[in-house]
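Trainee: Listed here are the chains, written in short residue letters.
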Amino acid sequence: MQQHFRTIDPGAGKVPQPDELLRVEDLRTHFHTRHGIAKSVDGVDFHLSKGEHLGLIGESGSGKSVTALSVMRLVREPGRIVGGSIHFEGQDLLGLDAQSMRRLRGSRISMIFQDPLNHLDPVMKIGDWISETLTLHKGVGRKAAYVEAARILKVLKVASPEDVLRAYPFQLSGGMCQRVLIATAIITGPALLIADEATSALDVTVQASILRNLDELTDIFGTAVLLTTHNMLVVRQACTRVMVMYGGRIVESCDTDVLFRNPMHPYTVGLLDSVPALERIGEPLRPMAGEPPLPTEDIVGCKFYGRCPIRRPVCQEMRPPLAEVESGHWSACFFPEESRSKISS
Amino acid sequence: MVSLSPNSTSDRSPSRVMLALSNGRRFAKTHKSIVVGAIMVGFVVAMAALAPVLSPYSPTRIHPLDRLAGVGSPGYLLGADQQGRDILSRLMWGARSSLAIAVLPLTIAGILGLVLGSVAGYIGKLPETLIMRSMDVVFGLPPILLAIAVAATLGPGLVNLVISLSIVLLPPMTRVTFQVVTTLKEQPFVDAAKVSGATTPQIIFDQIIPNSLAPVIAYGASLAGSMVVFGAGISFIGLGIQPPQADWGRMINDGREVLDLHPHVSTLPGLAIFILAAGFNFLGDGLRDLLDPRMRM
Amino acid sequence: MIALLVRRTLFLIPVLLGGSAIVFFLIHSAPGDPIDALMGMYASPEAREALRIKYGLNDPLLAQYFRWLGLVLQGDWGMSIQQRVPVLPLVLEKFWITILLTSAASLFAAIVGISAGIISAVKQNSWIDHLILILSVFALSMPPYWLGLIAIFVFSVQLGWLPTGGLYSFSGQMELFDVLKHLIMPAIVAGLTPAAIIARVTRAAMLEVLKLDFMTALRAKGLRERTIVLGHAFRNALPTVVSMTGLQIGYLILGAALFVEIIFSWPGLGLEIYKSVVGRDMPMMLGLVLFSTFIFVVLNLAVDIIYRVINPRVREA
Chain H
1 MQQHFRTIDP GAGKVPQPDE LLRVEDLRTH FHTRHGIAKS VDGVDFHLSK GEHLGLIGES
61 GSGKSVTALS VMRLVREPGR IVGGSIHFEG QDLLGLDAQS MRRLRGSRIS MIFQDPLNHL
121 DPVMKIGDWI SETLTLHKGV GRKAAYVEAA RILKVLKVAS PEDVLRAYPF QLSGGMCQRV
181 LIATAIITGP ALLIADEATS ALDVTVQASI LRNLDELTDI FGTAVLLTTH NMLVVRQACT
241 RVMVMYGGRI VESCDTDVLF RNPMHPYTVG LLDSVPALER IGEPLRPMAG EPPLPTEDIV
301 GCKFYGRCPI RRPVCQEMRP PLAEVESGHW SACFFPEESR SKISS
Chain Y
1 MVSLSPNSTS DRSPSRVMLA LSNGRRFAKT HKSIVVGAIM VGFVVAMAAL APVLSPYSPT
61 RIHPLDRLAG VGSPGYLLGA DQQGRDILSR LMWGARSSLA IAVLPLTIAG ILGLVLGSVA
121 GYIGKLPETL IMRSMDVVFG LPPILLAIAV AATLGPGLVN LVISLSIVLL PPMTRVTFQV
181 VTTLKEQPFV DAAKVSGATT PQIIFDQIIP NSLAPVIAYG ASLAGSMVVF GAGISFIGLG
241 IQPPQADWGR MINDGREVLD LHPHVSTLPG LAIFILAAGF NFLGDGLRDL LDPRMRM
Chain C
1 MIALLVRRTL FLIPVLLGGS AIVFFLIHSA PGDPIDALMG MYASPEAREA LRIKYGLNDP
61 LLAQYFRWLG LVLQGDWGMS IQQRVPVLPL VLEKFWITIL LTSAASLFAA IVGISAGIIS
121 AVKQNSWIDH LILILSVFAL SMPPYWLGLI AIFVFSVQLG WLPTGGLYSF SGQMELFDVL
181 KHLIMPAIVA GLTPAAIIAR VTRAAMLEVL KLDFMTALRA KGLRERTIVL GHAFRNALPT
241 VVSMTGLQIG YLILGAALFV EIIFSWPGLG LEIYKSVVGR DMPMMLGLVL FSTFIFVVLN
301 LAVDIIYRVI NPRVREA
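Residue numbers (the UniProt record's numbering), protein chains in the order written: chain H, 1 to 345; chain Y, 1 to 297; chain C, 1 to 317.
Treat the hints with care, since some could be wrong.
Said to hold, decoys possible - Straight-line Cα separation of at most 25 Å, SDA-like style, residue types lysine to any residue; simulated pairs:
#	chain 1	residue 1	chain 2	residue 2
1	H	125	H	92
2	H	138	H	92
3	C	275	C	78
4	C	123	H	123
5	C	181	C	78
6	H	125	C	307
7	H	154	H	221
8	H	143	C	67
9	H	125	C	304
10	Y	125	C	181
11	C	211	H	102
12	Y	32	C	128
13	C	123	C	103
Claimed, not checked - The following label-pair restraints were derived from C-beta to C-beta distances:
#	chain 1	residue 1	chain 2	residue 2	range
14	H	209	C	130	32 to 40 Å
15	C	115	H	155	41 to 49 Å
16	H	92	C	126	58 to 66 Å
Just so you know, the hints here were simulated from the structure itself, not pulled from any lab data.
Just so we're clear, the structure is a prediction, and the values are computed from it rather than from any experiment.
Positions of the beta carbon are idealized from the N, C-alpha and C atoms, including for glycine.
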């Protein structure tokens, strides 16, 4: 009964681009819980070019972190990838055996996390933590790995890297722990770095400097970044292109500056209106009304319907497909042009 | 349209029964260990309670002609010991002392520990130092040897065994209460009681003790199985219930000399201890999950 | 760190003083008048009184305690009534025989318990986890004195593979292989209950660690599952496991081993305690209790120190 619109890969069309690094098609990751099946990722398509910085923005529960973990194939039970495909450097990640997937992790695809302190081994010295990765993937000896780790930390503007390498995580600040995670992730020179809410738990000042560090380092190694966040300003600082996620689906996708100038989905408009911005000094902040639907709810039409200020009956009956409204600008709304004008005029 | 016809109520009542049944079934499914443990312990309790009615003979009746009768001999379902006493009857009567050894010391030490731990935990300062440091000293002693030394000094017998086991159990019960109470006293409802003018003893007995009951009972229940093994062990070395009264630990030791030819004499009482201890252990595990999820193992 | 060690060591003093006071109190209230033991029932009241004064039995209890404590500290632990030898040398001799049994039992318990606990935690809620949990309840509920009898009946009486008990055969000298043959059954029987407790503690500690965030970070590094479980998760659970294992070894030396020594006639401290209980040999029994208390307290201190050394969060704080 359920109508299913195949979403179209935003920004890429059907032909694979020559510099394509990652292509995700119709990804579905579901959690089988006691209260039903939670479709945390419910048909997501995107691609990522070599060296590109792509943002994935959404509220908590929108499925952005699960998307990130799905690419790593690290979704924890009871979550499972139930459909779609993930192609990375030409190989189908979902078809790989566990052993080959494991070899990619930390060497070709790395990941950093929110709450860095809790993502370090509490009883392992920082130096051992960083060199463990290098030894595993590059066969570098402990001593050489320590030297390399210190070098990377220096690039990250750590004042006394040797002291940090000798410390335990609980002796370091949150920002320092995140630098350590970044160093660990980047030291093997991966093609893709997934940063999952990597700065959300940090002070704003630390956040900005970490993002700058990340930028510099990924430029040096030519590493692409997939950055998930709920913070519009982080996307603006760190990403060239951005996707907006809602209810397990991508609802809008375009270049970052276009998104801020000309949003084409009522949810994006709502997001922008609820963040303070320089351009709109003097205008009141408009928090979005309502709550996102439960991930276990079975919704046929648009998942934003319940909160949408421009909804029409058709939105409840059919799922609006992600379609290219302008060149390089994709929106999953039947009435993309109305989003901007009607809401915030 | 609301229908109040008898038909509709009779429709509803079986569904209520079904609901209760399915609730019971769900309880049995999620708390398997409680059900298994309750059945095992219940079996032993029934044996102990019904011993005067069910036991074929007096546990102390000596019948030399039937000495060392095997399992299944006519008139002796589980055989007889070296003196011709019926093992089944002795097991049934012996269940009484084993249950007493498991439950009484835990109850006594539990109540005392609850009071001492609450006072130390809630008041702090001098009472805490006095109570907790002296508990530390007793806790620092090896428990089995302490029980043996106390039982040996007091002399054999069920009452003295219960006293010595209570002494051994007091420090851990006090300590657990103390830990629970120190977190409990930070709770808002304690402040609320204070603000409304309750005195310290009132708060301890009306707020602190009732609220620390569940975790303390859960902890105590988890010890019951070990107490069965432990208490029977002290009887085993001759410091518990005295012959000719029936006691499982004692029966094992008495049967050792005929182990090679008549293993049932010493192994059957051991099996009884095992069943009761396993029952308590399953029950304790389940209760701990139910009453105090924080201590889950 | 050092200050803490000093404080913990100083805390030994009140525990040992308290422990010895309890022991002394027990001697004092033990049934029977020591004068009877020395002079017999028929001595005149005057002679009794003279002896009482001579031994200070009329002094205040506290004075008696400190005098007794002085003797104990000088190594005078009294005479065994049954064996007519000084208590302390006998205790020290038996101590090493018990250490042999408990070391073997501890080794067995630690290896079996820790492996079972790790497997159980990694395979949480699988059939093997349930099996290990049920077996651990069984092992906890089995009285060691009963299990020992069954083992003797099966392996010695029926199969004739292993000796029924003792430290070595009468015929041969104390050969290594012979002692090992005598050791294996009591060690396993004594180690089974501690193994079950260690398994449960290890499982719980591992589950605590396995649900932490850094497990995902470890997988994201591309580490092998074995490295993650043994090199990281178990390393984090280790302080808890060590302190529990240490505690179990303490109980083992003084608890389970007692019964096992009786059943297997293993000539260590436990058998000695049993003999002193049966023979109402109070000086011997209290000497044994005092000595065991000392060992127990020192062992607990050692475990506490090891816990701090292997836990950087405590060590470096």
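Trainee: Each hint should be assessed against the structure and marked as holding or not.
Mentor: A quick look at each hint next to the structure:
no.	hint	in the structure
1	H/125 / H/92	violated, 36 Å
2	H/138 / H/92	holds, 23 Å
3	C/275 / C/78	holds, 17 Å
4	C/123 / H/123	holds, 24 Å
5	C/181 / C/78	violated, 36 Å
6	H/125 / C/307	holds, 18 Å
7	H/154 / H/221	holds, 15 Å
8	H/143 / C/67	violated, 62 Å
9	H/125 / C/304	holds, 23 Å
10	Y/125 / C/181	violated, 56 Å
11	C/211 / H/102	holds, 20 Å
12	Y/32 / C/128	holds, 17 Å
13	C/123 / C/103	violated, 30 Å
14	H/209 / C/130: 32 to 40 Å	violated, 51 Å
15	C/115 / H/155: 41 to 49 Å	holds, 44 Å
16	H/92 / C/126: 58 to 66 Å	violated, 30 Å
Hint compliance for this structure: hints 1, 5, 8, 10, 13, 14, 16 are broken, all remaining hints hold.
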